[in-house]
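So the sequences go chain by chain: A and B.
To convert a position in the first sequence, counted from 1, into this note's numbering, add 4.
Position 482, counted from 1, in the second sequence is what this note's numbering calls 477; the numbers after and before it change by one each time, with no gaps.
Accuracy of the hints is not assured; some may be wrong.
[What the hints assert, rightly or not] Footprint (simulated), chain B over chain A, 3 or more residues, beta carbon under 8 Å:
#1 15 to 28
#2 71 to 85
#3 115 to 124
#4 131 to 141
[As the list claims (entries may be wrong)] On the chain B side, residues computed to face chain A include the following (Cβ under 8 Å):
#5 A170
#6 E193
#7 V393
#8 V406
[To be verified] Some residues of chain B that are not near chain A, with every Cβ distance over 12 Å (derived):
#9 L171
#10 G197
#11 K231
#12 K244
#13 R447
Derived by calculation from the structure, the hints in this document are not laboratory data.
Even for Gly, the Cβ is constructed at its ideal location relative to N, Cα and C.
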Amino acid sequence: MSDGMSSSAWAGRIGGVCLLLLALAYGIGGSQIEYAFASDPLGPRVMPVLLAVLLAVLCLVYLIRPGVSERFPRGRLLARVLAVPTLLVGSVLLLEPAGFAISIFVLAAGVGWIFGAPFRLAIAGAFGQALLWWFVFSYLLDVYLPVGHLFG
Amino acid sequence: MNFDYLWQGFSVALTMQNLLIGLAGCFIGTLVGALPAIGPINGIALLMPIAYTMGLPAESTMILLAAVYCGAEYGGRISSILLNVPGDAGAVMTALDGYPMAKQGRAGEALMLSGLSSFVGGMLGALGLALFAPLLAGLAIGFGPAEYFVLMVFAFATLGSMVGSQPVKTLIGCALGLMLATVGLDATSGAYRFTFNEPELGDGIDFVVLVIGLFSVSEALLMLEHQAGGVTVIRKLGRMTARLDDIRKSVGATLRGSAIGFVVGVLPGTGASVSSAVSYTTEKRISDTEGTFGKGDVRGLAAPEAANNATACGAFVPMLTLGVPGSGTTAVMLGALMLYNIQPGPMLITERPEVVGGLVASLFIGNILLLLLNLPLVNIFARVLTVPNWLLVPGILVLSIVGVYSTHASVFSILLMLAIGMAGWLLRKAGFDMAPIILGFVLGHVMEVNLRNALAISGGDISILFQSKISIILWILAIAMAVLPLVAGRRSKSRALAKAVSPETSA
Chain A
5 MSDGMSSSAW AGRIGGVCLL LLALAYGIGG SQIEYAFASD PLGPRVMPVL LAVLLAVLCL
65 VYLIRPGVSE RFPRGRLLAR VLAVPTLLVG SVLLLEPAGF AISIFVLAAG VGWIFGAPFR
125 LAIAGAFGQA LLWWFVFSYL LDVYLPVGHL FG
Chain B
-4 MNFDYLWQGF SVALTMQNLL IGLAGCFIGT LVGALPAIGP INGIALLMPI AYTMGLPAES
56 TMILLAAVYC GAEYGGRISS ILLNVPGDAG AVMTALDGYP MAKQGRAGEA LMLSGLSSFV
116 GGMLGALGLA LFAPLLAGLA IGFGPAEYFV LMVFAFATLG SMVGSQPVKT LIGCALGLML
176 ATVGLDATSG AYRFTFNEPE LGDGIDFVVL VIGLFSVSEA LLMLEHQAGG VTVIRKLGRM
236 TARLDDIRKS VGATLRGSAI GFVVGVLPGT GASVSSAVSY TTEKRISDTE GTFGKGDVRG
296 LAAPEAANNA TACGAFVPML TLGVPGSGTT AVMLGALMLY NIQPGPMLIT ERPEVVGGLV
356 ASLFIGNILL LLLNLPLVNI FARVLTVPNW LLVPGILVLS IVGVYSTHAS VFSILLMLAI
416 GMAGWLLRKA GFDMAPIILG FVLGHVMEVN LRNALAISGG DISILFQSKI SIILWILAIA
476 MAVLPLVAGR RSKSRALAKA VSPETSA
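Isolated chain A (complex conformation) (with noise of 0.2 Å):
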């Protein structure tokens, strides 16, 4: 095994049980389902209790052995790894209301400078990138892509 991995069967063990109360939570969504006809013997319920008994077995199987799993990221490493989806989400949320050039820019700077780009750098290649996809999409694939209302 590398440097960088570990064995944590624990990881392992939390995410099996995490699985396990999903399989529980579908099962009951499942047998719960709510249909005025059913045209087959089986309906629309039997398949997700089936799928919800399937995947607990295949959990507890999981739960016995959980083999290797990767070491999660902690400290500064998580924060920059968890500030990626934050960003994400930021700059798909500005994407109708500041068009796509500035959410691009907005996301494309942020997550270049998360990877290990100087600050200015990050900028500059931000501002291409936004260019580029934008040229890209919107003049030579003729992509719809929102325009933006923030500024009129």
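Chain B: place on chain A using the hints.
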């Protein structure tokens, strides 16, 4: 056997528009394959919605995606040889002998020789596909809903036994995929399942959203953690031609690798990572009499490269004829066909010969283009390895957002993609493979519909699943697939134990 579909396919694939699309696909595919950690699935997942939104016809989209797939299998070898970091899962074994060759100053030879092996593997794989696809489609015409259901069970049994080191994780992945496929309107009963009163989930989770979330978003997060430190690209390529002696020496390995690759590709659910590993170990057993494998032996380079390219073609056989993907990547391509409301199955070859034939013909043409592209341009592709992550990752994320937004024009879909991406990241950290989830998702709906149709025919009598000869054979194969690896694993364990014990006892 009727090969009309193939001639029709060549007339489709040889139009100027499709030739250019194929060429672009080969180029993009090689780049995607060359970039470490970005494999063919990511490339196809990102291109698929854009091709669809641009209004390309189904056959052109398939030609583009098939070219990307094959291109990525070519490209994967570049970073394996020059970086010792496989460009995709199918190129892991290529590094074992390719990187030592590069360190000996023979990088150029390794790239050329592996390019040739890739070409032979790809061409033989395409030939196998052209021959076997009509044959299998002819056999499958007699399949009813019961046989289809058992076929899906067989596909999952194969997957569980061959993919990943832990079958239970693979099977959990399949179950999660099947569960995700149940979200949305159940057409038979009119019931909404697991939609949480969200109108956008009424039609179920969109395939594009799921694939891009699972592969691209989670990949970006993993790349942040695995930011390469201290990896150096070998820049001195040496002579850029393969030696005639080496070519002669690797002919057997290439042919054996192609055959193994094709067969593994045809098996449902098993992709290039399995075939390249099987072909390398087989070649090592057959040819490594002087212990040169792992130290830059050309046969150890040729076998897995031929295999992964043959697998890419073989994986299309069950996808096009049975609607069961032969690999994770073909599962994504199956989803692409579904975007066009095309349901692959035995009738596809007669109903849409331009799609099947166009794809098969494009594999032949694509392999020639790839050889022509890869031999002179390998230097340019090698330069891609130096693109820094801070430029690359935002690019991947932008393509992910555009891909989802272009097909849905909704922010909800992008947020759902991000949530799926986070879940995918957690699962990948825990050692789960994403391909089984995609396979489960793609097959889930078909599997349920066929089970329900079969039971509707029999009036709820479950014995219909065991009545026909085909069903019984498929059940036996499924059980064999599930049990054999366990038996083989136990035997090899006891053999290893015996080996470990014997020196002590003899001492």
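We went through each hint and held it up to the structure:
1. By the rule of at least three residues with a Cβ nearer than 8 Å to a Cβ of chain B, the coverage given for the region 15 to 28 of chain A holds, with 4 such residues.
2. Counting residues of the region 71 to 85 of chain A whose C-beta lies closer than 8 Å to any C-beta of chain B gives 9; at least three are required, and the coverage claim holds.
3. Only when three residues or more bring their CB closer than 8 Å to a CB of chain B does the claim for the region 115 to 124 of chain A stand; here the count is 7, and the claim holds.
4. With a cut-off of 8 Å between beta carbons, the region 131 to 141 of chain A has 3 residues touching chain B; three or more are needed, and the interface restraint holds.
5. At its closest, the beta carbon of A170/B sits 4 Å from a beta carbon of chain A; the interface hint therefore holds under the 8 Å criterion.
6. About 14 Å separates the beta-carbon of E193/B from the nearest beta-carbon of chain A, more than 8 Å, and the hint is not met.
7. At a threshold of 8 Å, the smallest CB-CB gap from V393/B to chain A is about 5 Å, leaving the interface hint in force.
8. A distance limit of 8 Å between C-beta atoms decides the matter here; for V406/B the minimum to chain A is near 6 Å, and the interface restraint holds.
9. Against chain A, the non-interface label of L171/B is violated: not every CB pair exceeds 12 Å, the least being about 7 Å.
10. Non-interface call for G197/B relative to chain A: holds, since the shortest CB-CB distance, roughly 14 Å, exceeds 12 Å.
11. With a cut of 12 Å on Cβ distances, K231/B stays outside the contact zone with chain A, its closest approach being about 27 Å.
12. At roughly 33 Å, the least C-beta separation between K244/B and chain A is larger than 12 Å, which holds for a residue marked as non-interface.
13. Here R447/B does not stay apart from chain A, with its beta-carbon only about 5 Å from theirs, under the 12 Å limit.
Hint compliance for this structure: hints 6, 9 and 13 are not met, and every other hint is.
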